[in-house]
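So the sequences go chain by chain: A, B, C and D.
Numbering-wise, this note's numbering puts 164 at position 164 of the first sequence, and it's gapless, one number per residue.
Numbering-wise, this note's numbering puts 134 at position 134 of the second sequence, and it's gapless, one number per residue.
Numbering-wise, this note's numbering puts 129 at position 129 of the third sequence, and it's gapless, one number per residue.
Numbering-wise, this note's numbering puts 59 at position 59 of the fourth sequence, and it's gapless, one number per residue.
In case anyone wonders, no lab produced these hints; they're calculated from the structure.
Here the structure is a predicted model, which is why all the values come from computation and not from measurement.
Using N, Cα and C, we set each Cβ at its ideal position, and we do this for glycine too.
One should not assume that every hint holds.
[Stated by the list, open to error] The following label-pair restraints were derived from C-beta to C-beta distances:
(1) B/Gly159 x C/Ala16: 38 to 48 angstroms
(2) A/Thr196 x C/Leu238: 30 to 40 angstroms
(3) B/Gln192 x C/Met235: 52 to 62 angstroms
[What the hints assert, rightly or not] With a straight-line Cα cutoff of 20 angstroms, these simulated DMTMM-like cross-link-like pairs (lysine to aspartate or glutamate) come out:
(4) C/Lys82 x A/Asp68
(5) C/Lys82 x A/Glu14
(6) C/Lys82 x B/Glu221
(7) C/Lys113 x C/Asp49
[What the hints assert, rightly or not] Per the computed footprint, the stretches of chain A lying under chain B, defined by three or more beta-carbons under 8 angstroms from a beta-carbon of chain B, are:
(8) 51-63
(9) 75-84
(10) 92-101
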Amino acid sequence: MRFFGENLSCVRGERLVFSGLEFAIDPGTALVLTGSNGSGKTSLLRVMASLTHPTAGHLAWQDGPVADDPERHHNRLHYVGHLDALKPVLSVRENLETWAQLHGGTDKKIALALKKLRLEGFENIPGRYLSAGQRRRLSLARLAASDAPLWLLDEPTIALDAASVDAVRTLIAEHRTAGGMAVIATNVDLGITETTTLNLLDFAPAEEDVWEGVT
Amino acid sequence: MSALVLILRREMRLALRQIGDSAIIVLFFVLAAVLFPFGVGPEPNMLARMAPGVVWVTALLAAMLSFERLFTPDFEDGSLEQLALGPAPLEMVALAKAAAHWLTTGLPLMIAAPLIAVLYRLPDSGYGALMTTMALGTPTISLIGTVGAALTLGSRRGGVLLSLLVIPLIVPVLIFGTAAIDAAIGGFPVRQHLMLMGGFLLGALVLTPLATAAALRQALE
Amino acid sequence: MIQQYANPARFNRLAATLMPWFAWPAGILIVVGLYFALFNSPPDYQQGDTVRIMYVHVPAAWMALFVYTSMALSSAVGLIWKHPLAHLSAQAAAPIGACFTFVCLLTGSLWGKPMWGTWWVWDARLTSVLILFFLYLGFMALQNAFDDPARGERSAAILAIIGFINVPIIKFSVDWWNTLHQPASVVKMSGPAIHSSMLIPLFMMGIGFTLYFCALLLLRMKTLMLARRARGMSMAQLHQQTAE
Amino acid sequence: MQMISDFLAMGGYGGFIWSAYGAVAVILIGLLVISLRELRTTSAEVAALEANSPRRRRNNADNKDATS
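Let the hints inform the model, and build the full structure from the sequences given.
As C-alpha cells, then:
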C-alpha cells in the first residue's frame, strides 16, 4: 500500500525547516533522505512517524489519512531514531521483548532478530554493559522482531562496524523483497540499490519573517 | 487491553529492578515525619492532634520527590518515543504509568503510614479513616503527579517546578484526607469526606490521562 | 495559513489604533470611580467605612477570574488552531492576572482584619483564590522553564487549561460551603443586593480595571511580539554568518 | 481641617483602607511602569538588530561603492 505526504512543512524551534515537501513510497521501494545538518532529515522522519505534527500539509496511506487513525499508522511502522530506547537494567532479550511484544512479535521472531543482528549469545547481558555499536544493533533488532510495512530509519549505521552494516543492508533488502518500504535518513552511501533520493535542501523555504511588520 | 498489561509489566519490571528508588522515598517519608517531634516537642496530646496532618503532609512531600523520575529516563533514552508509537494510545500509557507509580510509591507510603501514626499516638478510632483516606488519596496523588511530571518533562529545575505545579492541585486531597481522620477521631461521620475523596479519585482517573497524554505529545513534538 | 502569517503585523496596527480607546477611558473611569468610592458613597450600616475596600477588592477578584478565563481560552486556541498570537496573549495576560489576584488577596486581608478580626482564614473562597495565585505563578514559571520557548508555551497552555477547573470552584465556593466570606451580592439571579450608590462606583472600577487590563495586554503583547522578532533576527543573522 | 482628618481617619479604619488603596496603586502603576520599560528596551533591541541586519548592511555596502 502506498504511503505519501503532500505539501508538508515543519517548524522547529520557531524556524521553518522545510515547506512544500512531497513524497510517495510504494511497497518494495526505499526512499533515502539526504541534506546537510539541520536541513530537516530527522524532522521529516518524525513527521512521517507522526511524532511531530506538520505545520501544514498532510500524510496519508492509500486507505486514508494518518490523522484519521493514528494508532493504525503506528501499527504500520517501525521507527529507529537517534535514541536507542534501551534500559540499562534490562537484559538484551528483555529490552527487545518490551518493544517487540507491544507490536505482536513472537518469541521465535525475537530470537531470529537477535541472530540477524549478530547479538546471539548476548541475550542475558544487561543493557548497561553494551558498547555503542551493540546498543545500535539491539535497537535495529526491533525491525526484525515484529512485522511492520514501513521502516523509518535515522542514520541507522552510526557506530556500526562493516560486518554489521552488511547485516543491516541485508535486513533492508529482505524487507523490501517481502513488499516492505523503508525511509532512510543518511549522509553516507549505504550501498542500497534502486532507491529514490529526496534532498531536503530542495525544500528549504525562502527566509520569511512572520514578525517582520511588527515595529 | 493487552497493551496496557504489557506496559504495566514493563513498568513494574523496571521498578522492581530499581527497588532502591522506592525504598528511598519511603525512608524520606519516615524521616521527615520523625523530624516534627524534635521541632515541636514530644508532648503526647499535641502529637496526637498533629498526627493526621503530619502523615498526610509528609506523604505528599515524599510523593513529590518521586515524580521527577516518572518520565525523565524514558524521555532521555527514547523509550517515550517508542511508547508513543506503540499500539496503545498515549492516554493508556499515562494510566499505566500512574498505576505503576502507585504500586511502587503510593502503596509503600500507605503501608508505612500507620507506623508513623503509631509514633504519633494517633487515637485508635483514627486508623480506619487513615487507611481509607490513604487508599483513596494516594492514587489521586499519583494521577495528578503524572500530569505535573509530563508538563515539566525536559525543563530546567524540573523537580522544584513540578512541586510548584502539583502542590496547589493536590490541596483538596490533603484538606479532606485530614478532615476525615479528624472527624473519625472526634466521633463524627466521615462518609461525606470519603465520598468527596472518592469523587476526586474518579475525576482524576478520567481527566488526568487526557492531560498527561496531551503534555507528553507536546513534549515529544 | 496565509492569514496566520499576515496576522502579527495586522494585529500590531489594530492594537495601535485601539490602545488610546482603552487607555484613556481606563484612566478616567478609575479616577472617577475612586472619587465616588472614597468621597461620595455611603458607609455600610454594618461595616462602616471599611466597605470602601470593596471598591478595589471586588473588581480585583472579578479581574483575577476574568484574566484567568481569557488566558485559558487563548491557551486552548493556541493549542488547537496553533495561532501564533494566542500563546502570546496568554503569556502577556499572566503577570497582569497574577497582580490582580495578589491585589485581591491583599485587600481582602486588609478588609478581613477589622471585620473578622483576622488577616486570613482557611476557608474555601480564600484558599481557592490562593490556589489561583499559585496557578498564575506556575504558569509563568513553566513558560520560562524550557530552552525551547515553543515548548514552554505549549506546556504552560496545558496547565492553564487544567487549572481552569479552579475558576468555577472559586465562583461557587461561597455558595457551596458556609464560610466566613460573604456570599456574592452583585451577580445574583434575583438582581444585585446592594444599593445603586455603591453599585455605580463598583461598576466604574470594574470597567476601569477591565480597560486597564485590555490596554496593558496590548502593550505587553507588543513587547512579546518585538522580542519574538528580535529572536528571529538574531537567528537569521546566525544563519547568515554560518552560510558565509 | 477637622473634615480632612475625619476623612483620613475613615471612622477609625483609615490605616486599613489607605493601605489597601495604596497597595492597589503601587501594584497597578508598578506593573504599568515595568511593562512600559520592557517595551522600550525590546524596541531598542529590535532597532539595534535592524541596523545590523544583512539587508541594511548590503545597502550600506552599495552606498559605499557608489561614493568611492
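Now for the hints, and whether the structure bears them out:
1. B/Gly159 x C/Ala16: 38 to 48 angstroms: 43 angstroms, holds
2. A/Thr196 x C/Leu238: 30 to 40 angstroms: 33 angstroms, holds
3. B/Gln192 x C/Met235: 52 to 62 angstroms: 57 angstroms, holds
4. C/Lys82 x A/Asp68: Since the Cα atoms of C/Lys82 and A/Asp68 sit roughly 19 angstroms apart, the hinted pair holds (cutoff 20 angstroms).
5. C/Lys82 x A/Glu14: Given that 20 angstroms is the threshold and the Cα spacing comes to 12 angstroms, the pair holds.
6. C/Lys82 x B/Glu221: 13 angstroms, holds
7. C/Lys113 x C/Asp49: With a Cα-Cα distance of about 14 angstroms, the restraint between C/Lys113 and C/Asp49 holds, given a limit of 20 angstroms.
8. 51-63: holds (count 3)
9. 75-84: Satisfied; 7 residues make the cut.
10. 92-101: As far as the segment 92-101 of chain A goes, the hint holds, because 4 residues have Cβ atoms under 8 angstroms from chain B.
Figure legend: structure checked against the earlier numbered hints; every hint is met.
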